[in-house]
Structures are given as C-alpha cells and as structure tokens.
Amino acid sequence: LLLFDLETTGLVPARCHVIQLAAKIYGSPDPADAFSTLVRPPPDSRVPRGVAALTGIDDDMLRRGEAPDFAEAYAEFCDFCRRRGGRGAVLLAHNARFDVSFLQHEVERLATARAEEGGEVPRLGPDAGVVGSVCTLKLLRSERMWAGEDGRGEEKEEGARLRPRPKSYKLGEIYTHVLGKEMENAHDAMGDVLGLEELLQVMAEDGAPLQDLLEKILVPLPQD
Numbered sequence: 013l014l015l016f017d018l019e020t021t022g023l024v025p026a027r028c029h030v031i032q033l034a035a036k037i038y039g040s041p042d043p044a045d046a047f048s049t050l051v052r053p054p055p056d057s058r059v060p061r062g063v064a065a066l067t068g069i070d071d072d073m074l075r076r077g078e079a080p081d082f083a084e085a086y087a088e089f090c091d092f093c094r095r096r097g098g099r100g101a102v103l104l105a106h107n108a109r110f111d112v113s114f115l116q117h118e119v120e121r122l123a124t125a126r127a128e129e130g131g132e133v134p135r136l137g138p139d140a141g142v143v144g145s146v147c148t149l150k151l152l153r154s155e156r157m158w159a160g161e162d163g164r165g166e167e168k169e170e171g172a173r174l175r176p177r178p179k180s181y182k183l184g185e186i187y188t189h190v191l192g193k194e195m196e197n198a199h200d201a202m203g204d205v206l207g208l209e210e211l212l213q214v215m216a217e218d219g220a221p222l223q224d225l226l227e228k229i230l231v232p233l234p235q236d
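Using our numbering, the first residue of the sequence shown is number 13, and each one after it goes up by one.
Please keep in mind that the hints were generated in silico from the structure rather than gathered at the bench.
Please note that the accuracy of each hint is not assured.
As the list claims (entries may be wrong) - In silico EDC-like pairs for lysine to aspartate or glutamate, Cα to Cα no more than 20 Å straight-line: (1) K228 x E155; (2) K150 x E210; (3) K193 x E217; (4) K179 x D200; (5) K182 x E210; (6) K182 x E155; (7) K150 x E84; (8) K150 x E132; (9) K193 x E209; (10) K179 x E155; (11) K150 x D42; (12) K150 x D224.
Said to hold, decoys possible - FRET-style restraints, in silico, Cβ to Cβ: (13) D42 x A123: 25 to 33 Å; (14) G77 x K193: 30 to 38 Å; (15) I229 x E194: 21 to 29 Å; (16) P176 x G130: 55 to 63 Å; (17) V231 x E185: 22 to 30 Å; (18) E227 x L66: 30 to 38 Å; (19) R126 x K179: 41 to 49 Å; (20) V231 x E155: 36 to 44 Å; (21) E155 x D56: 25 to 33 Å; (22) R121 x Y38: 23 to 31 Å; (23) Q116 x G62: 21 to 29 Å.
Just so it is clear, the structure is predicted and the values come from calculations on it, not from any experiment.
Heads up, the beta-carbon is just placed ideally off N, CA and C, and yes, glycines get one too.
Full structure from sequences and hints, please.
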C-alpha cells in the first residue's frame, strides 16, 4: 500500500495544476520508502492566495527554488513506485477519486504534449508501477470501522475497541476525533500522508477491519 496525496492550484483539473506530490509505503520506517516533491506549474499558472494560505506553498517557493516541473516530478514518482512497489503498488488516499483523477488529467496533458514531440509518457497504471487505488474516505465511512449507537458494532472482530462514529469525515477532523490531538502539517501533501498513516495504524490496533475492507473497495487502474 502506498499512501498518496496531492496539493493543487484548484479543484478543476482542466485549468489547475499539481504543486506538490507525496507518497509513502504504509507502515515503513525506512526514509527510502517516502517520496515528496514540490511541483512547478506552467508559467501561465499561478497559486491562488487562498491555496497559498491553506498549504503554505506560494509562487515564490515554486519559481525561485529548485522545484521540478510536472514532467520531471512525475518521472521521479513513477521511478519511486516501480522501485518500492514492484509494479504492483496500490495508492491509498483520502478522497482518492479526486487525487487519482487529477493526477491522471495532468499525465494526459503531459502525454499529449510529448506525443506532438514524438515522445511517450507512462500512464498512471502498471507502467508507472501502480495497479489500483483505495479511497480512505469511503473506507472510513464504513459502519464496520466504528462502534454502533450502543457502543458495539455489527460484524466486529472479537476484542475490538472501536470508537463512536465521527461527525465529519474530513481527514484532520477524523484524526482529532480518534487521536485526541491536532494533525501536524495539515494540507501539506506529506503531512497529510503521515497523518493518514498514523490514523489508520491506531484504528487497526483498535481492531478495525482495515485489510478486509481495503480489498473490497480497491479500484483497479487501466492496464494500458
């Protein structure tokens, strides 16, 4: 499992761009099993003030530093997935539908430009070292992850110590609900990856049926 998160200039892939990309092998303490990079958007794209305030990433950081463009960042990401996931990585993200579709859109935009130059770009799939995705938003909405109204739940493992259902399924709010503290570096791609990892590990230790549910909601990526 490869925990995964993006930060972007907005919510509409057709006119917005990735500005940060992070991934980490779930449960691994090895620094080599983590990947994070800022991403320099095209010259005609700017980071909105609201996004800069939320993420801490602004145009100066991306333009004046050494942030790679998307082509270089994506190539590094694919290399990481192939090396650490063995061409069989599953992306684990909170609201994976957004992150995966946004990344796919960026890849298609890059592939179109490269095709005009006679080049190729691996699509997000086995060629990039990735075979599927799992949405932890969907996972954490499952009734089996939480205690029922009577403090128990249906189909729970014996000895499970599950918590009451949260009022919100935003990552930071679930994290606080379960761990009783604020999540550090929220809205930073690696900060969100590490927060999600800690949340899932604590819930698994409490007896939540993560593995069973992960297998049921896995979404395969295209094979070509």
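Results for each hint:
1. K228 x E155: Holds: K228 and E155 sit about 14 Å apart, inside 20 Å.
2. K150 x E210: Roughly 18 Å between the alpha carbons, so the hint for K150 and E210 holds.
3. K193 x E217: holds (18 Å)
4. K179 x D200: violated (23 Å)
5. K182 x E210: holds (15 Å)
6. K182 x E155: Holds, at roughly 16 Å.
7. K150 x E84: violated (31 Å)
8. K150 x E132: violated (34 Å)
9. K193 x E209: Holds. K193 to E209 sits at ~15 Å (cutoff 20 Å).
10. K179 x E155: holds (13 Å)
11. K150 x D42: violated (28 Å)
12. K150 x D224: holds (13 Å)
13. D42 x A123: 25 to 33 Å: Once the Cβ atoms are compared, 32 Å apart, the range 25 to 33 Å for A123 and D42 holds.
14. G77 x K193: 30 to 38 Å: holds (31 Å)
15. I229 x E194: 21 to 29 Å: holds (28 Å)
16. P176 x G130: 55 to 63 Å: holds (58 Å)
17. V231 x E185: 22 to 30 Å: holds (24 Å)
18. E227 x L66: 30 to 38 Å: For E227 and L66 the Cβ distance comes to about 33 Å; the hint holds.
19. R126 x K179: 41 to 49 Å: Because 46 Å falls inside the window, the suggested range holds.
20. V231 x E155: 36 to 44 Å: violated (20 Å)
21. E155 x D56: 25 to 33 Å: Given a distance of about 46 Å, which is not inside 25 to 33 Å, the answer is violated.
22. R121 x Y38: 23 to 31 Å: holds (29 Å)
23. Q116 x G62: 21 to 29 Å: 24 Å Cβ-Cβ, so the 21 to 29 Å window holds.
Checked against the numbered hints given earlier, the structure breaks hints 4, 7, 8, 11, 20 and 21 and satisfies all the rest.
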